[in-house]
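Novice: Modelling step: build the complete structure from the supplied sequences, incorporating the hints.
There are 2 protein chains.
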Amino acid sequence: MKKYVSIVLFVASSAFAGEGMWMPQQIPQIAADVQKMGAKFDPNRLADLTGDPMGAVVSLGGCTASFVSPDGLIATNHHCSFGAIQYNSTPKRDLITNGFLAKTRDEELSAGPGQHVYVTTKIEDVTARVTGDTKLAKMTDAARAKSIERKQNELVAECEKPGGLRCRVASFFEGSQYLRITQLDLSDVRLVYAPANGVGDFGGDIDNFEWPRHAGDFSFLRAYVNGQPYHPAHWLKVSAEGMNDGDFVLVAGYPGRTFRYKTADEVKNYQEFVYPTSIRYFTQLINILDAQGKGNRDIQIRNASRVKGLNNSLKNYQSTNEGFVKDHIWQARIDREKAMVAADPGTAAILTQIAQTNDTVRKTQARDMTISWIAGIQGSSGFSYRVSPMVSSAMQAVRLAEEKPKKDLDRDTGYHDRDLSRIKENAERWQRVMEPGSDRAGLRYFLGELQKTGGADDSVVKYIESKGGVDKFLDWLYANTRVGDKDERLKMLGETSKQLMARDDSMLQFASVLLPAVEEIDAREDAVTGAMARIRPAYFESLRKVAGGNLYPDANGTLRITFGNLQGYKPKDATWLTSQTTVKGLLEKETGQDPFASPNNLLAAARDPKKTAAYTDPELHAVPIDFLSTCDTTGGNSGSPTLNAKGELCGLLFDGNYESIDADFLFNPPMTRSIHVDTVYMLWVLEVDGGQNLVREMGLTPKL
Amino acid sequence: MKKYVSIVLFVASSAFAGEGMWMPQQIPQIAADVQKMGAKFDPNRLADLTGDPMGAVVSLGGCTASFVSPDGLIATNHHCSFGAIQYNSTPKRDLITNGFLAKTRDEELSAGPGQHVYVTTKIEDVTARVTGDTKLAKMTDAARAKSIERKQNELVAECEKPGGLRCRVASFFEGSQYLRITQLDLSDVRLVYAPANGVGDFGGDIDNFEWPRHAGDFSFLRAYVNGQPYHPAHWLKVSAEGMNDGDFVLVAGYPGRTFRYKTADEVKNYQEFVYPTSIRYFTQLINILDAQGKGNRDIQIRNASRVKGLNNSLKNYQSTNEGFVKDHIWQARIDREKAMVAADPGTAAILTQIAQTNDTVRKTQARDMTISWIAGIQGSSGFSYRVSPMVSSAMQAVRLAEEKPKKDLDRDTGYHDRDLSRIKENAERWQRVMEPGSDRAGLRYFLGELQKTGGADDSVVKYIESKGGVDKFLDWLYANTRVGDKDERLKMLGETSKQLMARDDSMLQFASVLLPAVEEIDAREDAVTGAMARIRPAYFESLRKVAGGNLYPDANGTLRITFGNLQGYKPKDATWLTSQTTVKGLLEKETGQDPFASPNNLLAAARDPKKTAAYTDPELHAVPIDFLSTCDTTGGNSGSPTLNAKGELCGLLFDGNYESIDADFLFNPPMTRSIHVDTVYMLWVLEVDGGQNLVREMGLTPKL
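Chains as they are written, first to last, in this note's numbering: chain A, 90 to 793; chain B, 90 to 793.
A hint or two may mislead.
Pairs involving identical chains hold if they fit within one copy or between any two copies, as the list cannot separate such chains.
[Stated by the list, open to error] No more than 30 Å apart at the CA atoms, straight line, and that leaves these computed lysine-lysine pairs for BS3-like:
no., residue 1, residue 2
1, 224, 235
2, 235, 452
3, 495, 587
4, 556, 129
In short, the hints are calculated from the structure, not lab data.
Specialist: Here is the structure:
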């Protein structure tokens, strides 16, 4: 099957090994092979985004989910609903610990502001409109980047309808192709069911990215429109049949980001700078937040989702970092580029140009990364609140005030009119994670870092010194701000730069000092982006010559489909991990101590043959829990529906094995595995928790 | 195959599951089944101790070994020769780290005094002579024990020939049967080859009792007689063929001790007292010795074999301790006894008598155990040097002086004329492990323990108080003794009690205070032994009624044979460990840091296809290292020859998996596995180390 060549080593696989995050429109080209793998339906159906089953697959923004009833019931991971569960949790009503079940629709809880459901309805190729302009070639690199961004903004603006349709122009093959994606935006989302954390996150950070796994990482939400349940055109049929080793599966979802087409030069910088530095930053911040939460459940709850996210990122980065060495990824890239140059000598010049372009930002990258962490930005791709939710909030207000007077099409990404409601929702939502003690402790560490990476001449460092040094600066910063007050924070988002400065708020002042530093970083990145828009398409042309056949694009948060089979793997000598786990294994792991503490009702049911018989797998002789597949997934795929050979929902993807993490750079067929929770386990847990109403809603008959 | 019922649960296995440490004379009863398992030779040959292959199987006292050449070359484990390797090691000539190869016989090194090779030549049933005396029934329990001991001594005395033949009367089925075993005693043993510690103990204490395993735990010794190599009547043919999963294997060796016929009452005391207390003692002593050796390689070498032994015991005890809970061993015994009582109501009274007898020593068992550790004794079975090699040496001198004036037949076990040369050899050998700082530090902890378990009225505690308390006592004890001086220590072994006391040596004085305490313990144990001699045979009669078929006896350090197959196992959910490891797995584990640091020449060879091709397994695609079997083994089996279906040497047993350790109490067919080093690996390592002379001596042609 030569056309599915590994993009890294150009080794044709003897079987369709699972590699490939295919765009739906590519499926017809590989349909015959998908059928050979075991699909019992016509794979061409998958190209129809508004048909069955793809019409049922939705994005939660960062996670994937799917409709499973005509009344808008949505299945996704427990960890994808964690924000909604946390939003509704208090020390007195601890839904994280105890789980939640709405027995009627009235009992369903708002998932919180900012929780959206996006249904992809259209994908159009707009490459000609984005890069067809012949003037682009003559522009400076920075101007080219700005021009391309503006074209994308135009394409989005003509498509979007506030409150109903959301559009995005995404770049594929690093600027070689642009597609406009139209999504229906549903903003009234409610929490329907979440298992106890001891089920949904059984094994916790210890088991994260590990196999064998026993987490019931699922939950149910519901989309509403005008106060009534949303009625999707398509929903998935839930299978209660169970899986067997070798079975065909496919995963449809929204993988976030992969790096399979990065060059050797780029991989080297990831290996030598980006990953080691990020690992240090994640580790420090986790330690700081853990120390703050010691003995205080309220602070623990406030920091819970951040710590969880940081731990997740840390393990991810650590594994990839090990993978660089173990899997010789840099060498694999060198080999690939040698092959490209051999096939097309012109590639050498392209690779040199890419390397020279990257060089322009390498000198300042250490300082730029520290600033980005402090300001809460990730390059130009929008805000996060990595170190300090309070500084990030102030930055957002200051930046919004600066962008708003501009014409909408000229604003930076993330500050268009269409973004305003989300910005406000986030500002509300962030109230839950604001904890001044933790905020200050994290910021203190990173200001120390900035002194090292920026040096004494750095503008931000000088400003902090002018306030009497780090600790005096922090005293002042946290004593003279109202950013922590939700109402004030929301008001700030409506104010002009002048109004904001008139507030004499310390956090806003600090943000206005950070802003020029951030803008400088953006400008440097624009220049790189504009140069790559020039160079990268030629790189892909050369790659296609060597690879032949179909190339799938790197993940970019757009809808993809991957195909595989249930299959174990051999992580080390004399050790074979099989593809399915069961409740028996859960009882082996159970210690009664977090993270191996299942709720009592589940334990009692697991030990009661009368309660397990109806869901017992005839071959495994126990209730199945999770399974492994060879599907090619990454972050963003969490919650993705996993369909069996009949096209029915048989599981939800929720993780990859530890050995798969560096697959973001290099897919390794013998080792790369996705981890799914089995729908049989979901149904059994639901029934044990008394959720027979939901089992019926999914068209199945309760068995307990 | 109903007759091989599990002795614990009486569940007939559907296949010959590996359970059973059979006496050679039992083999004819099971020969047909051994052939069904895969043996390609007549199993009845195994009943002939002086024939092929059993004539080649020898004991090293604590380990097993086998002749592999007509010139007395002996294969055993690296850890069985560790004492000999240590004996020849100095910081300058570190054979532990670097290994050793004698290229010629002249270069072979003495294995040290005390290293013997014992060849079993005869086994006779002497039950009638030991327990046939009708007067025994009327004696007190203590007198009965003494009388039985005296009969055994007589039987030994009439059989032994000093310097040539060694005899022993061993009890089977706890006094139901007595066999006299005659062994040829070869006392000139030399070290021929040991791999570097990084091969022989690759994985160290971390991998100890673990699978997958990659240790090359083998070495070669040679037996000499009159300065010439010993020529055994039989030696094993070494196989270079390699093994496959499922292959038949047998292990012939000297398993030390199992507890499969202990009662529920006895198991409960092991679980509640013996194991937890011993684990605490092992842990403390290891910590103390580690602390003493910190930064001092000389002290580390002196303590090395003790620390190794203690760690080994600790892991063993910990696993069994977990097994008590995990495998519900106590409950299994209760169930067994219920079945026995159901089949034979008289068993109830027998069990009550056993429990009442045990009760007589339970009240003092905590204090008795502390005294035993301090005095260096294990019950009445002879000296060890668990806490203090110096106190143990003094105890031996004092005790020997007390026993020697008695008639030989009346002396305590271990103090007969036949034992004198071994006592002297040990006294010489111990010089290597004498380290006053470590000695004192260990003793100090246990004297503190004695204050708790003995209480203020304890005679030994009172003595120490009379010296001004523990620290002042220790100051005096170590400042006024010559026990640490080898020549003086050897002289002491020839002196009378009066001469010893005239020395005014502090250690000897302390030993004379300990002696009455030790004698009290011996007396209490004699009473139990005498009572059990009365009760236990009836217990086994009852057991046979329920079990039917053949019962194999508990291990007792005598020659046994166990049969099995190469087979993996499932330690936990979704995890299957396969039965063979290879050099590829070794390279995966290699870190360059102890205990995962292979020597450079081995690493270079492992990475060189030219150096591995000739020994590469066609199915594993690499040089095999270790394999797993279902054979039933325990401590003492170390170094045992493992024979393939043709009866050729295919490996050496060196360990059991972690899950197998509690098999001393309960054999668990799905989990109990033995670990062997493959002869293919032994030959490859030998060749890599330049030992082609030994490959040739074993009748094989070198391949490298």
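Novice: Cα distance capped at 30 Å. Does residue 224 pair with residue 235 within a copy, between copies, both, or neither?
Specialist: Classified as within; 13 Å inside a copy, 110 Å across copies.
Novice: 30 Å Cα cut-off: does residue 556 pair with residue 129 within a copy, between copies, both or neither?
Specialist: Neither. Shortest intra-copy (69 Å) and inter-copy (88 Å) distances fail the 30 Å Cα cut-off.
Novice: How would you classify residue 495 and residue 587 at a CA-CA limit of 30 Å: within, between, both, or neither?
Specialist: within (15 Å within a copy, 109 Å between copies)
Novice: Given a CA cutoff of 30 Å, do residue 235 and residue 452 count as a within-copy pair, a between-copy pair, both, or neither?
Specialist: within (23 Å within a copy, 88 Å between copies)
Violation of the numbered hints given earlier is confined to hint 4; every other hint is satisfied by the structure.
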